[in-house]
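Trainee: Sequence:
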Amino acid sequence: MPKNSKVVKRELDDEVIESVKDLLSNEDSSDDAFKKSELMVDDQEEKDVDVEEGSDVEDERPAWNSKLQYILAQVGFSVGLGNVWRFPYLCQKNGGGAYLVPYLILLLIIGIPLFFLELAVGQRIRRGSIGVWNYISPKLGGIGFASCVVCFFVALYYNVIIGWSLFYFSQSFQHPLPWDQCPLVKNTSHTFVEPECEKSSATTYYWYREALNISSSLSESGGLNWKMTICLLAAWVMVCLAMIKGIQSSGKIMYFSSLFPYVVLLCFLIRGLLLNGSVDGIRHMFTPKLEIMLEPKVWREAATQVFFALGLGFGGVIAFSSYNKRDNNCHFDAVLVSFINFFTSVLATLVVFAVLGFKANIINEKCVIQNSEKILKLLKIGNLSHDMIPHHINFSSITAEDYNLVYDIIQKVKEEEFDSLGLKSCQIEDELNKAVQGTGLAFIAFTEAMTHFPASPFWSVMFFLMLVNLGLGSMFGTIEGIITPIVDTFKVRKEILTVICCLVAFFIGLIFVQRSGNYFVTMFDDYSATLPLLIVVILENIAVTRIYGIDKFMEDLKDMLGFSPSQYYYYMWKYVSPLVLLCLLVASIVQMGLSPPGYNAWIEDMATEEFHSYPTWGMIVCISLMVLAILPVPIVFMVRRCNLIDDSSGSLASVSYKRGRIIKEPVNLEGDNTSLIHGKSPSEVPSPNFGKNIYRKQTGSPALNTAPNGRYGIGYLMADMPDMPESDL
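Going by the numbering used here, the sequence shown opens with residue 454, and the numbers climb by one from there.
Among these hints, one or two may not hold up.
Unchecked claim - Each computed DSS-like pair below joins lysine-lysine, with the alpha-carbon atoms no more than 25 Å apart:
| hint | residue 1 | residue 2 |
| --- | --- | --- |
| 1 | K520 | K698 |
| 2 | K827 | K652 |
| 3 | K877 | K887 |
| 4 | K877 | K827 |
| 5 | K592 | K944 |
| 6 | K698 | K944 |
| 7 | K546 | K887 |
| 8 | K546 | K750 |
| 9 | K819 | K877 |
Just so you know, these hints were derived from the structure itself, not from any lab. Model, not experiment: these values are computed from the prediction.
Between the sequences and the hints, there should be enough to build the whole structure, so can you do that?
Mentor: Written as structure tokens, this is what we have:
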């Protein structure tokens, strides 16, 4: 090789090296610019940021101050009035202690898995119910809107119950309690007991006449009950003030509203166990009736109680979990909250039946005294012989056991004439078998028992303050299920939305504080939530397992939790839970069809309840409640299916990325999409074009998977981000 050829080769090599260095330096500068651009997804800060539309101002998304505060919020939402006045009734009605077996089985099959699912999607996507389900499947985005509608319907009448509790709480600061005895009526000639009260009882009369001043039918409005109207206003003011700053204000209140009921329940349990007859009530409660456990009705009611006890489908669970850190162990939370809810129900059942056992014991003692006096009269007039009475019986201080012995002897001797004697069998079990639930338990049976307590006003204050706190804890979650999705989706101010929501709910809620308002509460309770929520949760399950993909969801959980969840959840979510929910839906529809639609009206003249069927307009309202609650699902589906919303016209569907977060694209963009980066023109951007074509399949590049929302790669990109896009609607 010629000598000068080596020189030429060395010069060419130097030029090549310099060119490579230039290319590398250009690439580095381009990469540096790219890393600083808004498309950078590796720069994740500790705090999550939401960016307002058309604004460069980043506002921090609220977060829980501590894990304890979050757990208390979830417990406060799931543990509500139903744990105190619904679960004990179902337990007594469906086999006592045997009812706990199907309840626990269904808690493991549908309760914990579905609760875990809602916690996981809320924490992963970090949006309310609308944003979560719209991200997973835009065509099923109506699930979130349906949850909001159901939450609103439930909040309307649930806060009325808090208002009733506030009324009783305010009346408890007097001795004796105002429902202790029947009122006396005076006329010109003499004084007599109020006939309506005499035919029923003091607590029943106070509830229906003094508190509700109830009308005799749904059609008879009777005007507003001003006492209850003021209490309803007070309840909504409390909710509004607690929720106006979101979890930053309500979270602090949770420390009291969630923990105070447990203090009261424990105090009542200790006090109740010291009362005569409490052990009889608890023994009656937990005596298993195994033959009842095999009935399908028991399993249907257990499944329904599990479903509603955890607040599934309301959106409150998703809303609360959306304020969590991305790596929070939501599986532990799901199991913990579910079992706290269960043990709270058992604790409340112990308290209720300890107190009801005491009440039954008092009523039984009165029955023994009254019937012993009848026996003495029958002995005096000669209808009964003294020879049939055992010698050790002393009617002046007769016990229940001695009375039952005398009763059995008389029944055997006077078999043919026994019915005409008018004697009653005073069995404590007969009184305990009178199952009561709901308002009948809280405002009649329990209040009557407390009148016999020493220092009864103190216990009354504690009990109704507990009911207020239980109700408020559930209301916070219910309102959060409305406010959070709307704020995340439409970017409105939370304070203004909260005030407007509470004002609208108060004015609509005036229908519940008419004299006929109790009948409307029954109507809403029966028809506004049951079927719509079942449909919502079934669709949630389908959206995650079938549309988003159960395998991908399990991978997301592994990435989020740091470990793979048990395969148990895989099979529950994919096969068992949907099947059980469908069976529950069919059973609920059948039950609703077999049960005549109606309500129990209070008849003043007879001082008793009487079943009335709903009038035609009442049936229309019932059907409308169910239809309106589920209507958003087909509407959003059709809007998406028919492309009635143009995603390319700057709607909420158009999104771009800023440091791993999603923001809305500016409207009416022209030219190259590089203008998305700090609003710069293509010539100002040092890096290559990063427009819509970044998500398109490039020639020679591997195929990209399609995300659930139909955009290439976006779904997987967002799966690793702490924040997700707002809803398209």
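Trainee: Has the given pair, K819 with K877, been kept, meaning a C-alpha gap of at most 25 Å?
Mentor: holds (12 Å)
Trainee: Take the C-alpha atoms of K698 and K944, compute the straight-line distance between them, and say whether it is at most 25 Å.
Mentor: This hinted pair holds, its Cα atoms lying about 15 Å apart.
Trainee: Does the structure keep K827 and K652 at a Cα separation of 25 Å or less?
Mentor: At roughly 21 Å apart (the allowed maximum being 25 Å), K652 and K827 satisfy the hint.
Trainee: Please work out if K592 and K944 have their alpha carbons no farther apart than 25 Å.
Mentor: Holds. K592 to K944 sits at ~21 Å (cutoff 25 Å).
Trainee: For the pair supplied as a hint, K877 and K827, is the alpha-carbon distance within the 25 Å limit?
Mentor: holds (10 Å)
Trainee: Below or equal to 25 Å on CA atoms is what counts here, so check K546 against K750.
Mentor: holds (11 Å)
Trainee: Against the 25 Å threshold, does the CA-CA distance of K877 and K887 hold or violate the hint?
Mentor: holds (16 Å)
Trainee: Within 25 Å, alpha carbon to alpha carbon, are K520 and K698?
Mentor: holds (19 Å)
Trainee: Just to be careful, I want the Cα atoms of K546 and K887 compared with a cutoff of 25 Å; is the pair within it?
Mentor: holds (10 Å)
Violated hints: none; the structure is consistent with every hint.
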